[in-house]
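**Q** One letter stands for each residue in the lines below.
Protein chains: 2
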Amino acid sequence: MQERVNVAVDAMGGDNAPGQIVKGAVLAINERKDIKVFLVGKKEAINTELAAYTYDKEQIEVINADDIITNDEAPVMAIRRKKESSIVIALNLVKEGIADAFVSAGSTGAILVGGQFIIGRIKGVERPPLAPLIPTTKGVSLLIDCGANVDARSSHLIQFAKMGSIYMENIIGIKNPRVAIVNIGAEEEKGNTLVKETYPLLKNCKDINFIGSIEARDIPSGFADVIVCEAFVGNVILKLYEGLSTTLIGEIKRGLMSTLKSKIGAALSKPALKATLKDFDATKYGGAPLLGLNGLVVKTHGSAKSVEVKNSIIQCTTFKEQRINEKIKENIMKIE
Amino acid sequence: MQERVNVAVDAMGGDNAPGQIVKGAVLAINERKDIKVFLVGKKEAINTELAAYTYDKEQIEVINADDIITNDEAPVMAIRRKKESSIVIALNLVKEGIADAFVSAGSTGAILVGGQFIIGRIKGVERPPLAPLIPTTKGVSLLIDCGANVDARSSHLIQFAKMGSIYMENIIGIKNPRVAIVNIGAEEEKGNTLVKETYPLLKNCKDINFIGSIEARDIPSGFADVIVCEAFVGNVILKLYEGLSTTLIGEIKRGLMSTLKSKIGAALSKPALKATLKDFDATKYGGAPLLGLNGLVVKTHGSAKSVEVKNSIIQCTTFKEQRINEKIKENIMKIE
Chain F
1 MQERVNVAVD AMGGDNAPGQ IVKGAVLAIN ERKDIKVFLV GKKEAINTEL AAYTYDKEQI
61 EVINADDIIT NDEAPVMAIR RKKESSIVIA LNLVKEGIAD AFVSAGSTGA ILVGGQFIIG
121 RIKGVERPPL APLIPTTKGV SLLIDCGANV DARSSHLIQF AKMGSIYMEN IIGIKNPRVA
181 IVNIGAEEEK GNTLVKETYP LLKNCKDINF IGSIEARDIP SGFADVIVCE AFVGNVILKL
241 YEGLSTTLIG EIKRGLMSTL KSKIGAALSK PALKATLKDF DATKYGGAPL LGLNGLVVKT
301 HGSAKSVEVK NSIIQCTTFK EQRINEKIKE NIMKIE
Chain V
1 MQERVNVAVD AMGGDNAPGQ IVKGAVLAIN ERKDIKVFLV GKKEAINTEL AAYTYDKEQI
61 EVINADDIIT NDEAPVMAIR RKKESSIVIA LNLVKEGIAD AFVSAGSTGA ILVGGQFIIG
121 RIKGVERPPL APLIPTTKGV SLLIDCGANV DARSSHLIQF AKMGSIYMEN IIGIKNPRVA
181 IVNIGAEEEK GNTLVKETYP LLKNCKDINF IGSIEARDIP SGFADVIVCE AFVGNVILKL
241 YEGLSTTLIG EIKRGLMSTL KSKIGAALSK PALKATLKDF DATKYGGAPL LGLNGLVVKT
301 HGSAKSVEVK NSIIQCTTFK EQRINEKIKE NIMKIE
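From first to last, the protein sequence lines stand for chains F and V. One point on numbering: in full-length UniProt numbering, the residue at position 304 of the first sequence is 304, and numbering is uninterrupted. One point on numbering: in full-length UniProt numbering, the residue at position 30 of the second sequence is 30, and numbering is uninterrupted.
Looking at chain F on its own, in the form it has when it is part of the complex:
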């Protein structure tokens, strides 16, 4: 029998928990025989949801957790105090080697803090970046870092570039991924202190394909595969991406519904429009990995529905198969 990938899933995290999370877990194991899911959370609530589905009972195990960490709680405090929360219990499954990976749609802050405190960093990794995929007209780009580690140093950004390259090459399958640093102009001398310091160091990295600066306007057209920036800027890019897409699509819908003629036009063009906009969507790739930990932690959208949860769980198998953490370890050791 082939070896299973064991994924601990936070059944209580996100806006649609536990319903959509449990459904996503069932979809994942029904699609892949090589996955076992530990559903962590309030046992009764999870079992009620599970009762609606048919699935191989060997592939799902429910682990009780009485507590929940909410988005409003201060992450460090919550991780320290709520030992019985689904996040802490699930992370401990990874720490103990029972699970290979952890997937959650819950509090980003708690997941980031918990990942570092409980699972711990790979030796040599200074900061584990949160690296979501964002949609572009050419496919997807990895935006690294969007986490809570603000005020980064250039040595962190170099590691982000290396870890991001490994991820894009091995998980997304892009050969020799193009790495660029977010900047306010294309020239080497442009930028703030951090970027000016980091640019020549990236240029000297032999094991990445550094193509220079990227201005924010060139991100949506897929100018680079790995987009390196410190977390504050990355967070702004990620959230503006989401906010502006939603707003523009909303405005277009409003326009289409504004007159009788346009309503008829909208009805005719809807299927084609839907297909195009579906291309411009990164959720099919799963959630955002927190790279550089002794185990995989994947953060999915707070609003994730079952399909995104399923994709996030399946993503964990590629991560294990491709030995991403071993590759990061080798790479980080090399630079030390």
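It should be emphasised that the hints constitute simulated quantities derived from the structure, not laboratory data. There may be inaccurate statements among the hints.
[Claimed, not checked] To give an idea of the chain F side of the interface with chain V (calculated C-beta under 8 Å), a few residues:
no. : residue
1   : Ile184
2   : Arg217
3   : Asp218
4   : Asn235
5   : Ile237
6   : Leu240
7   : Leu248
8   : Ile264
9   : Leu273
[What the hints assert, rightly or not] Restraint-style ranges between C-beta atoms, simulated for each label pair:
no. : chain 1 : residue 1 : chain 2 : residue 2 : range
10  : F       : Cys205    : V       : Glu188    : 32 to 40 Å
11  : V       : Ala267    : F       : Glu189    : 31 to 39 Å
12  : V       : Asn71     : F       : Lys203    : 17 to 25 Å
13  : V       : Ala267    : F       : Ser303    : 28 to 36 Å
14  : F       : Arg153    : V       : Glu188    : 21 to 29 Å
15  : F       : Asp207    : V       : Ala45     : 50 to 58 Å
[Said to hold, decoys possible] The calculated DSS-like cross-link candidates involving lysine-lysine, where the alpha carbons are at most 25 Å apart (straight line), are:
no. : chain 1 : residue 1 : chain 2 : residue 2
16  : V       : Lys320    : V       : Lys123
17  : F       : Lys239    : V       : Lys278
18  : F       : Lys239    : V       : Lys190
19  : V       : Lys83     : V       : Lys95
20  : F       : Lys274    : V       : Lys320
21  : V       : Lys278    : F       : Lys270
All residues carry an ideal CB built from backbone N, CA and C; glycine is no exception.
Mind docking chain V on chain F? Use the hints.
**A** Only chain V this time, still in chain F's reference frame:
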């Protein structure tokens, strides 16, 4: 006779110079008798363009400038060396009091450097921010700073908040404009060092309506009128706004053109769609002012066409009428 507002216009700046710039100037003076434009640039080229129009000769004066500063040149060097460039000559008109304002679609860097070097800052203003208006579903918001002054201090951000409030109240006509600081979470304790330092200072400002943090996802919905950030982050927001809007609208057009049915639908819905997207467009307000100088400097898009140039020129009259610089002076003096 009423007093005229004298505007020096860089006839050679931008992708569409001198044709669209000259046309914009003619449109402006034909709409408003109280404006005089100094068209600065290569005299022959300007006169050739002007020959196509009918206008009051008293309202346009051509000032020759043999040189042009391009976007590729290092701004400080260019401003120092190219004394005969349209930007330097036009800025000197403002410095000497011949012109009240300067409008250019040319090199942002050169305009920012030239504005500070030649016209100079209002006493007490530490850094003059470049503050474009960005479209939102509620109208427009002022994004301040998007200039070249990276690595800002909190005292700069406080001044940006004050200058931005004065601008939005007096030029755009928003009473008691809501001021927010760009952050990676809504809570006061969130953010990088600069934001954490600035937040309580903004909270203590009596003369602005500070509403707290703004996450980038809430910018497009018009959550705040004055959006305060340091220039690197502002630049990223501005350029991503432009790039993502262009990309998404392009994707939607592609979708609409992808099948025969959708093409018919597109033809029917086009007028309504166009009207909606026009609402989501800030160019009608003119260009981005560089605030805090002893005179007004307005940067319009490099790709600006005549209507945007016209609006940028007309914008200068409101700036003068509303005595923005006097208001900034009073306000900055007060905090010292």
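**Q** Once the shortest beta carbon distance from F/Asn235 to chain V is found, is it less than 8 Å?
**A** Status holds, d = 4 Å.
**Q** Honestly, do V/Ala267 and F/Ser303 meet the 28 to 36 Å range at C-beta?
**A** With Cβ atoms ~35 Å apart, the hint holds.
**Q** Would you say the C-beta atoms of F/Arg153 and V/Glu188 sit inside 21 to 29 Å of each other?
**A** Holds, at about 25 Å.
**Q** Is the Cα-Cα distance between F/Lys239 and V/Lys190 25 Å or less?
**A** 15 Å, holds
**Q** Could you check if F/Asp218 really has its C-beta closer than 8 Å to a C-beta on chain V?
**A** Check passed: Cβ of F/Asp218 comes within 6 Å of chain V, closer than 8 Å.
**Q** Need the status of pair F/Lys239, V/Lys278: alpha-carbon distance at most 25 Å?
**A** 24 Å, holds
**Q** Hint validation: F/Ile264 versus chain V, beta carbon distance must be below 8 Å. Holds or violated?
**A** 5 Å, holds
**Q** Quick check on the hint: F/Leu248 CB to chain V CB, less than 8 Å?
**A** Since the shortest Cβ distance to chain V is 5 Å, the answer is holds.
**Q** Note whether the CB distance of F/Cys205 and V/Glu188 lies within 32 to 40 Å or breaks it.
**A** 38 Å, holds
**Q** Using 8 Å as the Cβ threshold, decide whether F/Leu240 counts as touching chain V.
**A** 4 Å, holds
**Q** Check the following: the C-beta atoms of F/Asp207 and V/Ala45 are separated by a distance inside 50 to 58 Å.
**A** Once the Cβ atoms are compared, 52 Å apart, the range 50 to 58 Å for V/Ala45 and F/Asp207 holds.
**Q** Under 8 Å, Cβ to Cβ, is where F/Leu273 needs to be relative to chain V, so tell me if that hint holds or is violated.
**A** For F/Leu273, the interface hint holds, since the closest Cβ of chain V sits about 4 Å away, which is under 8 Å.
Checked against the numbered hints given earlier, this structure breaks hints 11 and 20; the rest are met.
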